[in-house]
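Residue numbers (this note's numbering), protein chains in the order written: chain A, 1 to 415; chain B, 1 to 291.
Hints were generated in silico from the structure; no laboratory data involved. Keep in mind it's a predicted model, so treat the numbers as computed, not measured. Any given hint could turn out to be false.
Stated by the list, open to error - Straight-line C-alpha distance at most 20 Å; calculated PhoX-like pairs for lysine-lysine: (1) B/K4 / A/K202; (2) A/K264 / A/K243; (3) A/K122 / A/K331; (4) A/K327 / A/K122; (5) A/K248 / B/K143; (6) B/K143 / A/K243; (7) B/K4 / A/K220.
Below, each chain spelled out in residue letters.
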Amino acid sequence: MFRIPLRAVAIALGAAAASLVLAQSAQAQSEPMRIGFLTVRSGALAAGGRQLEEGIQLFLKERNNMIAGRKVELIIADTGGNPAGAKNKTQELVERNKVHVIIGPLAAFEAIAIDDYIRQTKTPTVADSAAAEDLTQRKVNPWFVRSVGSSAQPNQALGEYAAKVLGYKRIAIIADDFAYGHECAAGFQRVFEDNGGKVVQKLWPPLNVADYGSYIGQLKQNVDAVYAGFAGANGLRFLKQYKEYGMKAPVLGSMTTADEGILKQMGDEAIGVTTGGWYAAGIDSPDNKRFVAAVNKEYGVDPGYYTLGAYSAGVLVEAAAKAVNGKVEDKEAFMKALRNPGTVRDARGEWKIDEYGNPTMTMFIRKVERKDGKLVNSVVKAYPNTSQFWTYDPKAFLASPVYSRDVPPARNIEP
Amino acid sequence: MFDKPLAFWLIQSLNSLSLGGLLFLLSAGFSLIFGLMRIANLSHGAYFMLGAYIGLSVLRAGYPFGVAMLAAGLAVALLGGLIERFVLRRLAGNPLAQVLATLGIAFIIADGCLLLWTGDPQQLPSPEWLQGVFRIEGAAFPKYRVAVVAFAIVLAAGLWLLLEKTRTGAMIRAGVDDMEMARGVGIPVSLLFTAVFCLGSFLVGVGGVLGGPILSVYPGLDTEMLPLALVVVILGGVGSLIGAFVGSFLIGFVYTFGQTLIPDLAYMILFLPMIIVLAIRPRGLFGRISA
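Generate the whole structure from the sequences, applying the supplied hints.
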């Protein structure tokens, strides 16, 4: 007579099933973690794109290409620096390469172009450069988080610094006539005027203006300083011409006006330019010194806006991947960890992510100096724990329209 | 709007002149090529950028500014000649294909520059003796810009002499006016094409170096300069040197004063004169042929 050992069968079946499940998950874990990296390799944004790539490559090299115990496969895609390209490449990364997370894109208009798509496909996305205010304010996307700040964030701090520390009363603003320039200038203006200063002039040269001469000729002479909100090559061109025209008023500016990426091309005209930023190659801390040395060793340049942005996106991805024990396939949990990484630490210091997906971090007031023959952004003051809303109440901040050319309105303009 | 101090008008007039000078350096070659060959050379902006980059490298190697201008001009002229001979010549009689080819070449040059000179924006230093400012009515104006205007005027005079007073110039003018007839009377039109393409390229290469200290050089400079060349040439009249000259300074003034007095409409003001002129006088102010 056969006695079927039911219990044994059950155990065997259970064990088999368990080992199958284990094997599957082990296989999933041994598969590399795929990071899609959006960059720009041609056109006007190519310099920024290259620095982004350098940032992430350095990060992965330092980690031996391992994040949270998993090998990393980095898939770099060139968007061409336009919205359509960004959309296509994002689709490709998600559908063909099946990436677990996207880092990028470079420009705000690219980020806006992929906004709906990453929402629909629930693709965790870490912006390493795009700073448009509303991406983490009035148009929060649950699948989007930033490793960099919002456009106005450092300029709000600079506004207070200009009014309270420098004691400036009257300032003329000149900034690129596109959303980033508007937002930088607006954040500066709001806090500067709330602290008793007056913005007496606002000039908006078109982004691709051939020559700043005619604008510099218009700048008021009777101001305490000029605020310059430029991006890309424009800061370089503006500062050069500003000096050529013999202008004497001190220059304040947005982070990108004196970014390390273009500072190396500048001359004495940059000395003394004071800008706000969430990073400066001149930050005097062991973490930053190590970072600056590593970037210099690898690429022969100082890190700036883009290099740090991409490197820190790596840091953020690593923190989140560790929090989910490398199981980045669980998108919900992984994204939750990206939005709530706790305290993140990198070259700029410690920072957190606010509930809208934007870092709350130290804002540095940086002043360009020549040290050992090289132009550097030295830190003259730090505003720790600064949120994208400055000291304003987030609800009230979000209830008013997004910063633009005319928001906040300029009430002190002189004819 | 008009209650500005005298210094304002002076400085902005000088700004207009310097922009005009720069535009003439940019568009003289464009106009010549367009006029003779009926090709809107869409790689013209790229030539300008390439000239600036070559000038930058020559300057960095320690040579004086004049050498940089000459080297950039010759290098771009050589490139232009080769492209005319080996690309555009094969597409003769098919203007659309030629224009598209020049567009493709523009992209190739832009990518090549990116590869060779990286994407970092870079400054061309102006010659030392031209650094500093003139002081007028309490306002300052950079010496270098005055020099650019002077150079543009000298260049214009030289080109005018070449076109009006030499045999080659007469042949070029004949080609512009009526190519078939010119060919018929034995003018070597084929050779003329190459020569004019080289000359036009030379001028824009030199222009790139001269523009460098004002504009600096960076990826995207090409696409920013091309529309300006188009505006000037369409306004002034295709194939007319005087047209390019007057058009350049006209645009210099219209653009500078437009954007200072009515800043919100800067671009409209830039393109409006072109559209009005096209509507009323399609051949441009001084054009021999319609665009």
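Each hint tested on the structure:
Taking the CA atoms of B/K4 and A/K202, the gap is near 17 Å; set against the 20 Å cutoff, the hint holds. Our distance criterion of 20 Å between C-alpha atoms is met by A/K264 and A/K243, whose separation comes to about 17 Å. For the given pair, A/K122 sits about 7 Å from A/K331 by alpha-carbon distance, which is consistent with the 20 Å threshold. Of the pairs offered as hints, the one joining A/K327 and A/K122 holds, with about 16 Å between alpha carbons and a cut-off of 20 Å not exceeded.
Distance restraint check for A/K248 and B/K143: the Cα-Cα separation of roughly 17 Å lies within the 20 Å cut-off, and the hinted pair is therefore satisfied. Straight-line distance between C-alpha atoms of B/K143 and A/K243 comes to about 12 Å, which keeps the hinted pair within the 20 Å bound. Of the supplied pair hints, the one linking B/K4 and A/K220 holds, its CA atoms being roughly 12 Å apart against a limit of 20 Å.
Going down the numbered hints, you'll see the structure goes against none, and every one checks out.
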